[in-house]
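*Asks:* Below are the chains, spelled out letter by letter.
There are 2 protein chains.
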Amino acid sequence: MRLQLLGTGAAGGVPLYGCTCPVCQAAATDDRLCRKPCCAFLEHRGETILIDAGLADVGRCLPSGDLTRILLTHYHPDHVQGLFDLRWGCNTTIPVHGPDDVEGCADLFKNPGILDFSTVMKPFHTVIFAGLKVTPVPLNHSRMTLGYCFAHDTSRLAYLCDTVGLPLFSLDFLEAWQPNHIVLDCCHPPQITPPINHNDITKAIGIAHDFPQSSLWLTHISHGLDLWLQKHAHTLPSNIRVASDGLVIR
Amino acid sequence: MRLQLLGTGAAGGVPLYGCTCPVCQAAATDDRLCRKPCCAFLEHRGETILIDAGLADVGRCLPSGDLTRILLTHYHPDHVQGLFDLRWGCNTTIPVHGPDDVEGCADLFKNPGILDFSTVMKPFHTVIFAGLKVTPVPLNHSRMTLGYCFAHDTSRLAYLCDTVGLPLFSLDFLEAWQPNHIVLDCCHPPQITPPINHNDITKAIGIAHDFPQSSLWLTHISHGLDLWLQKHAHTLPSNIRVASDGLVIR
Numbered sequence: 001m002r003l004q005l006l007g008t009g010a011a012g013g014v015p016l017y018g019c020t021c022p023v024c025q026a027a028a029t030d031d032r033l034c035r036k037p038c039c040a041f042l043e044h045r046g047e048t049i050l051i052d053a054g055l056a057d058v059g060r061c062l063p064s065g066d067l068t069r070i071l072l073t074h075y076h077p078d079h080v081q082g083l084f085d086l087r088w089g090c091n092t093t094i095p096v097h098g099p100d101d102v103e104g105c106a107d108l109f110k111n112p113g114i115l116d117f118s119t120v121m122k123p124f125h126t127v128i129f130a131g132l133k134v135t136p137v138p139l140n141h142s143r144m145t146l147g148y149c150f151a152h153d154t155s156r157l158a159y160l161c162d163t164v165g166l167p168l169f170s171l172d173f174l175e176a177w178q179p180n181h182i183v184l185d186c187c188h189p190p191q192i193t194p195p196i197n198h199n200d201i202t203k204a205i206g207i208a209h210d211f212p213q214s215s216l217w218l219t220h221i222s223h224g225l226d227l228w229l230q231k232h233a234h235t236l237p238s239n240i241r242v243a244s245d246g247l248v249i250r
Numbered sequence: 001m002r003l004q005l006l007g008t009g010a011a012g013g014v015p016l017y018g019c020t021c022p023v024c025q026a027a028a029t030d031d032r033l034c035r036k037p038c039c040a041f042l043e044h045r046g047e048t049i050l051i052d053a054g055l056a057d058v059g060r061c062l063p064s065g066d067l068t069r070i071l072l073t074h075y076h077p078d079h080v081q082g083l084f085d086l087r088w089g090c091n092t093t094i095p096v097h098g099p100d101d102v103e104g105c106a107d108l109f110k111n112p113g114i115l116d117f118s119t120v121m122k123p124f125h126t127v128i129f130a131g132l133k134v135t136p137v138p139l140n141h142s143r144m145t146l147g148y149c150f151a152h153d154t155s156r157l158a159y160l161c162d163t164v165g166l167p168l169f170s171l172d173f174l175e176a177w178q179p180n181h182i183v184l185d186c187c188h189p190p191q192i193t194p195p196i197n198h199n200d201i202t203k204a205i206g207i208a209h210d211f212p213q214s215s216l217w218l219t220h221i222s223h224g225l226d227l228w229l230q231k232h233a234h235t236l237p238s239n240i241r242v243a244s245d246g247l248v249i250r
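Residue numbers (the working numbering), protein chains in the order written: chain A, 1 to 250; chain B, 1 to 250.
These are computed hints drawn from the structure, not numbers from a lab. Careful, some of the hints might be misleading.
[Said to hold, decoys possible] Listed below are the simulated EDC-like cross-link pairs for lysine to aspartate or glutamate, each with C-alpha atoms no more than 20 Å apart in a straight line:
(1) B:K110 with A:E103
(2) A:K133 with A:E47
(3) B:K110 with A:D107
[Stated by the list, open to error] What follows is a list of derived Cβ distance ranges for each label pair:
(4) B:T29 with A:T119: 33 to 41 Å
(5) B:R45 with A:T119: 48 to 56 Å
(6) B:K110 with A:L168: 27 to 35 Å
(7) B:D153 with A:T119: 58 to 66 Å
[Said to hold, decoys possible] So, partial list: chain A residues that the calculated Cβ filter (under 10 Å) puts toward chain B:
(8) A10
(9) Y17
(10) A28
(11) G65
(12) H76
(13) V80
(14) G82
(15) W88
(16) D107
(17) L108
(18) G113
(19) I114
Cβ atoms here follow ideal geometry from the backbone N, Cα and C, with glycine treated the same way.
Put together the whole structure using the sequences plus the hints.
*Replies:* Have a look at this one:
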């Protein structure tokens, strides 16, 4: 199982339009510091799964034939906007599995084109793709959102984005499941008031303590968190790592 | 007045995902043959107007400070998808003027960020930006859509996209107004049944005959029309020209 993080940025990405902070100024002239919309590409025995489709040029990144299916965590634009173009393609059909959100995003359900939204993912109902077990778990977000737990033999990886904290049923499942790796939404530096919709670093550290045996990779990172990390990254628990665009987890 | 066509493609663009036609195969290896989502950039005396925001990387193409305002023809995703990222920017506010479409696209109106949608454009109500007169004209499309007529001194340019044919009131206005240049939606090669939502080349030729003194630039072009043009471009009336991405009209 190989997971590549194609994008690790919060909505708006890094650099943020109009921002003059040191992080955004540096990223404006160095692609390695940029953060695109949050999404990932998972490969396992010929099965190739795009997790979220926020990259606008997803069809260029993953030409036809390179993509078995798409898993959506939820229907916010920064997680599906790459589908607006992709759907008008031809000579193929791409299954797109997401939560049972009847609204979707804009006119995607009305004009699906080559995308097949017919099979939705249900919380804790495991499905198997080419021997890979995929179990959706509910997350805490402003819209119906699922994390995905991928398992094969002794390899277990959980992709948990977008979320603030974890619902109790999902936490119980994950504690029993014991992931090797967790890719976790962590958007903000420490917040004074409890964060909504996305974890701040304080919440992420709490989750890292709940999973001491797991490597925790932070994603959905804002320029504000990047700025905070410049001074404070060394204070993080040893099982927390900061993801970057292009990172590969095996 | 200087208009640059940043994108001249139909929804899905050229090359189309998964397509193996000669046009798409050639465009896949030659950026000069690609067509991005339909949009344009107009400059006049320091006023800089983006017409439609289908380019996903619009914030990179037009950094903060380079953009006075955005005019939207309508709220289909291929004309507004660049706003999903852009809105999360900071340190600026960008007026976005479009038709009075209460639905908008996805959650743009709910979460506008730095975009100010408060001033809508009304058919035939001329507004003036830095001495440039802008008159919206209704178009025929599946969604409430406006074309824009730009005038300064003796320079008159009409941007008419997306449309199939022209509503009579708009046609009357344009015939009296006598544009020097018309940028016109022409999506398809000749269709057997009457086209809906977008012009085919037959409809565009009809409009070219209505405006013999105007240069007519075709935009919103599909791979199918590009394929047809490879054999038939020489048969077009002399006042029709085929636009390409990056083209500048003065």
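*Asks:* Each hint: holds or not?
*Replies:* Quick rundown of the hints versus the structure:
no., hint, in the structure
1, B:K110 with A:E103, "holds (15 Å)"
2, A:K133 with A:E47, "holds (12 Å)"
3, B:K110 with A:D107, "holds (17 Å)"
4, B:T29 with A:T119: 33 to 41 Å, "holds (35 Å)"
5, B:R45 with A:T119: 48 to 56 Å, "holds (55 Å)"
6, B:K110 with A:L168: 27 to 35 Å, "holds (29 Å)"
7, B:D153 with A:T119: 58 to 66 Å, "holds (59 Å)"
8, A10, "holds (8 Å)"
9, Y17, "holds (3 Å)"
10, A28, "holds (8 Å)"
11, G65, "holds (8 Å)"
12, H76, "holds (8 Å)"
13, V80, "holds (9 Å)"
14, G82, "holds (8 Å)"
15, W88, "holds (3 Å)"
16, D107, "holds (7 Å)"
17, L108, "holds (8 Å)"
18, G113, "holds (8 Å)"
19, I114, "holds (7 Å)"
Of the hints listed earlier, there is not a single one the structure fails to meet.
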